[in-house]
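The listed protein sequences correspond, in order, to chains A and B.
According to my numbering, the first sequence is numbered sequentially starting from 1.
According to my numbering, the second sequence is numbered sequentially starting from 1.
What the hints contain is simulated information worked out from the structure, not anything from laboratory work.
All residues carry an ideal CB built from backbone N, CA and C; glycine is no exception.
Careful: at least some of the hints might be erroneous.
[Said to hold, decoys possible] Example chain A residues on the side facing chain B (calculated, C-beta under 7 Å, incomplete):
| hint | residue |
| --- | --- |
| 1 | Glu109 |
| 2 | Asn485 |
| 3 | Ala487 |
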Amino acid sequence: MSMFSIGLSGLNVAQNALNTTSNNISNVYTPGYNREVAQLGQGAVGGGVKVNSIERQFNTYVSSQLNSAKTQSSALATYHNQITQIDNLLADREAGLSPLMQSFFSSLEDLASAPADPAARQGVVGSANTLSAQFRSFDGYLQDMQSNINSQIKDEVFQINNTTEQIAGLNREIALARARSGEAPNSLLNQRDHLVSELNERMDMRLNIQDGKSYNLSLPNGQPLVTGTSAFKLETVQSAADPQRTVVAYRDGEGGVTQLEESAIKGGALGGLMTFRSETLDKTQNQIGQLAVSLSLAFNEQHKQGVDLDGEQGGDFFAVYSPQAFSNTNNSGTAVVESAEFDSDTIDQLRATDYTVRFEDGAPTVTRNDNGATVDDIDWNAGTGALTFGGVALTISGTPNDGDRFEVQPVRRGASGIDVTINELDRIAAGKPANPEDDPADWVATGAGDNRNALALQDLQQKAIVGGSASVSGAYGVIVSDVGNRANIVQVNLDARQGLTDQLEAVQQSESGVNLDEEAANLIRYQRYYQANARVIDTAGAILDTILNLRN
Amino acid sequence: MRISTVTMFEQSTASINRQQSDFLKVSQQIASGRRVVNPSDDPQAASRAVGVDQSRAMNQQFSDARVSARNSLSQTESILNSVSDAVTSAKALLIQASSDTLSDVDRESIASDLKGIYETMLGQANATDGNGRYLFGGYKDNAPPFVKSADGNVEYNGDNNSRQQRVDSSRLMPVAENGATIFQGVPSGAGYIAEASAENLGGVTFKGPQLTDVNAPGYGDSYRVVFSEDAALGSGISYQVQRFSDGAWQEDAADLVASGEYVGDGQQLSFAGLNITLTGSAEPDDEILIARAGSEQRGADLFRTMEAAISVLETPAQSTTEKAALRNTLNTSMRDLDNALDNVLSVRASAGARLNELEVIDAVGSNRKLNYEQTLSDLVDLNYIEAISEYSLRQVGLQAAQKAFVDIKGMSLFDYM
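For reference, chain A alone in the conformation it holds in the complex (with noise of 0.2 Å):
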């Protein structure tokens, strides 16, 4: 081995080292990196220098780790993304519901001061039309972000199989790849570590190397999403509860479509979505139409009990939404419900959740989708298929099967559909009857200055007729206690989860990241490597001229 082959060996590595330096110097910014160092090692025979290999820096137990944290906090980051626009809905103090549900109560001190006052009248009529407009404006608002929810779980889904198609795709180059020249080009192997961690942040996954090459991913219930270099598809389907909500199927080798259970999707941004709409968003949203049925319901009780100025007997003076009812699509029995009512004899039992009703041998049996409560007080006629249960009454036709089900939400739209049904304002009923032992039709007006039952409706706000137990206000205060203190855990959680996402990336760039510094460092260091060689390939030529010379 001569020293111009050493000069040479050395000539080249200097060359590769370089090479791997400045690629590390343009991609100190790319996403996914990972920097990549030039193992050197001694010639085999006769000395010289080669390059074993170029590395990459990479850490698979911290990228585990930082995956894991990644989507976690991505959830959390997601799910404070949702509640802080509840959160904002709710902070307006001079626009939120509770001081309109204020004016609207003062309007009918002012209907008792003067009940026979168009003025006063008016008061009443438009406080409430306002107020009822602001309800129906929450609800909107809330129905809103469930149908944006809708539409980016389908995002989600559509990103995770792009993703996954990816990463089954990038499996097949690598293996190719390395069947060719039996090593794994870095880019590829970036790739897949950075699309993997991608998918991380949208959904919690499990990753499985198979023999340290292939990258197998599963749902964390064990259902395969890729094996080796095919993947498998997620779909967004109808719940067969609930029409009006998307939810995440999963799609099997044989064609077959399962619904995936929403609590089985934890973590990433979906798992956020999830988490959000099924703790906060359908709680509030059937809070607030709680608030807004049980208000019209025992207001409407209390001006049937009067007379307007005409004697007549006071009619509704809010229109109700009517509790809502979907079947199962799985139902194989031929039951459907009839008709959803509110039953006022049980109304004091009306909760802010949705039920699913289940029968099994003819009967049915209740439970609160909230907690997962079986609902003891339940009243259940056979014959008629007459349900009465949590101030709702069902009528169900048909005969069901076993295990047929029925999603039965009383409140969840019922901010959606309070509205003001009197239209003249002489239809007030301000006054009682001065013959109230009488049938309602034949009672007659004491008098245009009787301001009873307007003292009465005013008197409701005092009353717990919200659930039974709490009043208008109070029922306003629980919501937002709730939803405030959802956004705080949230916020708290995920700076928490942050910080140690934080921390774990910085593990993770300590090792695997670029500081120029270093690089900068490195330039120099090989510059002078290739120096130092070159001058040996110039001392060897400055020998072998000696040698040539001696003769002259």
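Could you slot chain B onto chain A? The hints should help.
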């Protein structure tokens, strides 16, 4: 530890972001004056604020109710003041008219004075509030409560209700009086009134009745003295005192309270703790009713009283019968007016008491309002001193983060190559 260039930049920007958002949060608090802007800033305080705000709004409602209650009660009070003045001047006119020296013409002129007072009173009884609602109609406040019927007499068309308002969370206060209470009521403990029947033909007049013993048996019931012919007696006229019980006058001999020969000339009858002195000749079937004012047999009605007095003063008093009718009617009317005055004064006193009560509730209410506002402010409002020092602190923090970023950015080995 190795630090990657990306980490350096990201940490710097993350730190600037954090400082910036903290800084903005404080600026937002300062701009809005609120410590709790979103419910999540302090969920407990935010939800308590909803409750306190509702209490404050209700307190405000009651305070509004008190304004209209006070308005209506003070109108009532001032009108009742004029009514009591009117009753007093009517009484003075009646005393003047009782003088025996007056001629028919004199009495007629008094009658026309009295008529003026009567019309004034009618106007006041039909007074309206600022909104054109009649104050004294009970719930029927959309039509004049006192109207003249075809025969010229005033009838009450209102009802016996009085409108109430919630002036405090646990106080429903009557804020209007109805016409029946004011003009057809008697004060509690009103005494007996004697009234000669309008059909009397004789010249019997009465003095009294005087109360001697409230504990006497039969005190409180209604009685009447009925005269009848009895040839067996020297005067040829007997009297019977009949009691009203079980829905009818007890005329059977066994049930009579007293009876005997009527001689006239200051004869005093005593029964049931009462004395009444009768003078003048009586004709058979003449009657004198002796009953408590406001009882079923002898209701009170200020307008009726005035009408009776006016009518008797307008009638010339020539015959014995007419003179007796004049004397008896004036006698009865004066007692009625005394009762009416007492009644109006007591209604007015009760309105005045309620006005005083409103003052007290007002004081409590405005105290409460201050309390609620203080609580609300403690819950959600900003402590400016803390906030401003926080503001400066955050400003320094943000500037420091920015400075650090610039410094880190400026430090690179490449600069020295």
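Consistency of the hints with the structure:
1. Glu109: OK, holds: A:Glu109 within 7 Å of chain B, min 4 Å.
2. Asn485: Constraint on A:Asn485 satisfied, holds at 4 Å.
3. Ala487: At about 3 Å, which falls below the 7 Å cut-off, the nearest Cβ of chain B leaves the hint on A:Ala487 intact, so it holds.
The structure is consistent with each of the numbered hints, conforming to all of them.
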